[in-house]
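**Q** For the record, the sequence lines run as chains A and B.
Following my numbering, the numbering of the first sequence begins with 630 at its first residue and continues without gaps.
Following my numbering, the numbering of the second sequence begins with 31 at its first residue and continues without gaps.
No wet-lab data here; the hints were simulated from the structure.
For every residue, glycine included, the Cβ atom is placed at its ideal position computed from N, Cα and C.
Hints are supplied without guarantee of correctness; some may be wrong.
Claimed, not checked - List of simulated lysine-lysine pairs, PhoX-like, C-alpha gap at most 20 angstroms:
hint : chain 1 : residue 1 : chain 2 : residue 2
1    : B       : K134      : A       : K1213
2    : B       : K51       : A       : K1213
3    : A       : K929      : A       : K1125
4    : B       : K110      : B       : K172
5    : B       : K108      : B       : K134
6    : A       : K640      : A       : K709
7    : A       : K821      : A       : K1213
8    : A       : K1213     : B       : K172
9    : B       : K87       : A       : K1211
10   : B       : K66       : B       : K39
11   : B       : K110      : B       : K128
12   : B       : K87       : B       : K128
13   : B       : K45       : B       : K87
14   : A       : K1125     : B       : K39
15   : B       : K128      : B       : K45
16   : A       : K1211     : A       : K821
17   : B       : K39       : A       : K1213
18   : B       : K66       : B       : K108
19   : A       : K1185     : A       : K1173
20   : B       : K37       : A       : K1119
21   : B       : K149      : B       : K134
As the list claims (entries may be wrong) - Sample of chain A residues lacking proximity to chain B, with all beta carbon distances greater than 10 angstroms (derived):
hint : residue
22   : N701
23   : V707
24   : T770
25   : L800
26   : A802
27   : K857
28   : S1096
Here's the letter readout for the chains.
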Amino acid sequence: MANIKLTIDNKVVEVPAGTTILEAARQNNIHIPTLCYMNLGDMNIENKPGGCRVCVVEVEGRKNLAPSCATNVAEGMVVKTNTVRVLNARATVVELILSDHPADCLICAKNGNCELQTLAQDLGIRKISYQGEQSTYREDTSPSIIRDVDKCIMCRRCETMCNDVQTVGALSAINRGFEAVVATAFEQNLEKSTCTYCGQCVAVCPTGALTEVDHTQQLIRDLADPNKTVVVQTAPAVRAALGEEFGNEPGTLVTGKMAAALRRLGFDHVFDTDFAADLTIMEEGTELLGRLNKFLAGDKNVPLPILTSCCPAWVNFFEHNFPEMRDIPSTARSPQQMFGAIAKTYFADKIGVNRKELVVVSIMPCLAKKYECQRDEFSVDNDPDVNYSISTRELAHLIKQSNMDFNNLPDEDFDNPLGESTGAAVIFGTTGGVIEAATRTAYEVQTGKNLENVDFEQLRGFEGIRSATIDFDGTPINIGIAHGLGNARKLLESIKDGSNKFHAIEIMACPGGCIGGGGQPLHHGDSSILKARMKAIYSEDENKTLRKSHENPYIKSLYEEFLGEPLSEKAHHLLHTHYFDKSKNDIFID
Amino acid sequence: MSSVKVKLKKTDIDKLAEVCKSFNNEPGELINVLHKAQEIFGYLPSEVQEVIAHELKVPVAKVYGVVTFYSFFTMTPKGKFPISICTGTACYVRGAEKVLDEFKKELNIQVGDTTADGKFSLSCLRCVGACGLAPVVLIGEKTYGRVAPDDVKQIIKEYMDQ
């Protein structure tokens, strides 16, 4: 495409045609402030409704100020981004937004992490010249997400994530003018909508309008209760992001410090969800091979492709949108739930504690996990296998409250037996990781040969939908991968209409996989952060001595002492689940 | 939100599917489809919106967003006798607002609402082209001219027993 020359703040710059003024400026180190604008370029996620008007600039020869996010460059254009007129307009816009915004910044869940707050500070807003009516709307609390619409500034990023990226369609702007809010269909509670609790709306909300349900107070009480044994499990993606909350560069691995911090917080046993990820591979991998071998033997009725089932938002998504395909996903529970089931049986027996006195807490990069803990099928006599889940962000808060100097903590190990894991488990935290882990084990089990190179580069990457064929010693196995629910939908449609034939598919609901989960430290639109986390995950895998799930010695003894073998009756009972048709809830008509 | 719970008959659902089909089930035709649907049902209850969302493959939340954005669309069924008060310039300067207030008071409803018994609904419109008769009130097809607030009680009474 042809290049275009223009002047921004007296600097002559050259950019490709079709570039917006905002992008042209940013490429040349001129940082025009934005509020509603969001661009996650690597994932084709863009939100530029041109609604907030914070990014306005002066364009010579144009009467009105131009929103730089939605105005393309033109040859010879002369742009000024910081004239008095522009600064005044920007200040006015922000003051008007603040005039209809609760002034409870100091006690807001997003205090210190709010883009509106930062903008007001950067623009030096010291007074609000406008006083008028404040819009109010009821608060809506679901098992995972809290909507406090009074703090909504109608940037509509959540709508972009929910509709365009995730194709969940739970949220839409409704009403008009002052009455306009982002809401669900017929303004029902989120719990009654098609929401999957993926939390991507929370991940991109610039203010405190969308936040997670916070369990830290309950956790503090449980840790202080002498009658309770409290164990913790941490998901793979947490260790690759938690450090950011303490000023570390994105991609800094803090596995050891995290284990140390959890021990100092008072957990009786510091375990790892990675252990359960290895267990997942044993169950899911065996299920995959079972179906595959039946298929290869000529049984055409066997449900293929097998779909991964680790991601609770993905499970919610297919229960709502593809209930007719619910016999295809693996019946394996997610690692979080496998951990809970094993902790409250095998481990509780080992330490001689009644399951009701054992509190299992999970640290997750995810908000849907909060909902998953509460699913009826994952509790015994009203005692949930996992009592509750807290996000990476909540853990960071908790560590800060506990007066720990996180960065100077020593590196410590997880406890045994539920803390040992292989590299295969670590990569569960990123898109492509679960299927790579499954391939490492399935290959060896199927072919009986030792896998020399465990790095399946063809399964890695950032592309929304990927596919690869892996040679299982002469048998080609077709694998599909999707991250982001919109991509998952596309992949599923292609299976439905028969245009794609896969043997196994991995799906993660969040862009990037769990590293980009709704409970992770906020990336504020910087997708390089996700890439850094992904790199960290693969480097942790590389540094592990054991990199195949079936080599985990504690997994071996779990089967020997307790479960028997993968897919045994006991394993079925504790480690597998079934799915529901939730589409009926979505529509009132019969 | 104000909506009445209804159960759509199979024939209603088929009719809606037919309407959507006449617009090739194009998501971009949502507004046209809603217009047609409101013509058929008189209003757009949530069940109608769900069928349309299903047919056009758009989220129900989006359909609801469009319905609540445009004042033309309503989720409240119109009364048996829809009352429209002209608040165009001529009627307005000749006291339409006072007439409107009287209707609100007598029927105990706001503009856009329907009485609990489903008999009357109240709306405003702009100029019916009978400015000589200002202020003008329409009830169904019938026109009332030079209406004074004192006339309102009597007008309503005409329809009470119908």
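**Q** Would you mind marking each hint as holding or not holding in the structure?
**A** Consistency of the hints with the structure:
no.: 1; hint: B:K134 / A:K1213; verdict: violated, 40 angstroms
no.: 2; hint: B:K51 / A:K1213; verdict: violated, 23 angstroms
no.: 3; hint: A:K929 / A:K1125; verdict: holds, 16 angstroms
no.: 4; hint: B:K110 / B:K172; verdict: holds, 13 angstroms
no.: 5; hint: B:K108 / B:K134; verdict: holds, 15 angstroms
no.: 6; hint: A:K640 / A:K709; verdict: holds, 10 angstroms
no.: 7; hint: A:K821 / A:K1213; verdict: holds, 11 angstroms
no.: 8; hint: A:K1213 / B:K172; verdict: violated, 45 angstroms
no.: 9; hint: B:K87 / A:K1211; verdict: holds, 17 angstroms
no.: 10; hint: B:K66 / B:K39; verdict: holds, 18 angstroms
no.: 11; hint: B:K110 / B:K128; verdict: violated, 24 angstroms
no.: 12; hint: B:K87 / B:K128; verdict: violated, 46 angstroms
no.: 13; hint: B:K45 / B:K87; verdict: holds, 17 angstroms
no.: 14; hint: A:K1125 / B:K39; verdict: violated, 30 angstroms
no.: 15; hint: B:K128 / B:K45; verdict: violated, 42 angstroms
no.: 16; hint: A:K1211 / A:K821; verdict: holds, 10 angstroms
no.: 17; hint: B:K39 / A:K1213; verdict: holds, 17 angstroms
no.: 18; hint: B:K66 / B:K108; verdict: holds, 16 angstroms
no.: 19; hint: A:K1185 / A:K1173; verdict: holds, 18 angstroms
no.: 20; hint: B:K37 / A:K1119; verdict: violated, 33 angstroms
no.: 21; hint: B:K149 / B:K134; verdict: holds, 14 angstroms
no.: 22; hint: N701; verdict: holds, 24 angstroms
no.: 23; hint: V707; verdict: holds, 38 angstroms
no.: 24; hint: T770; verdict: holds, 19 angstroms
no.: 25; hint: L800; verdict: violated, 6 angstroms
no.: 26; hint: A802; verdict: violated, 5 angstroms
no.: 27; hint: K857; verdict: holds, 41 angstroms
no.: 28; hint: S1096; verdict: holds, 25 angstroms
The structure is inconsistent with the numbered hints 1, 2, 8, 11, 12, 14, 15, 20, 25, 26, although it conforms to all the rest.
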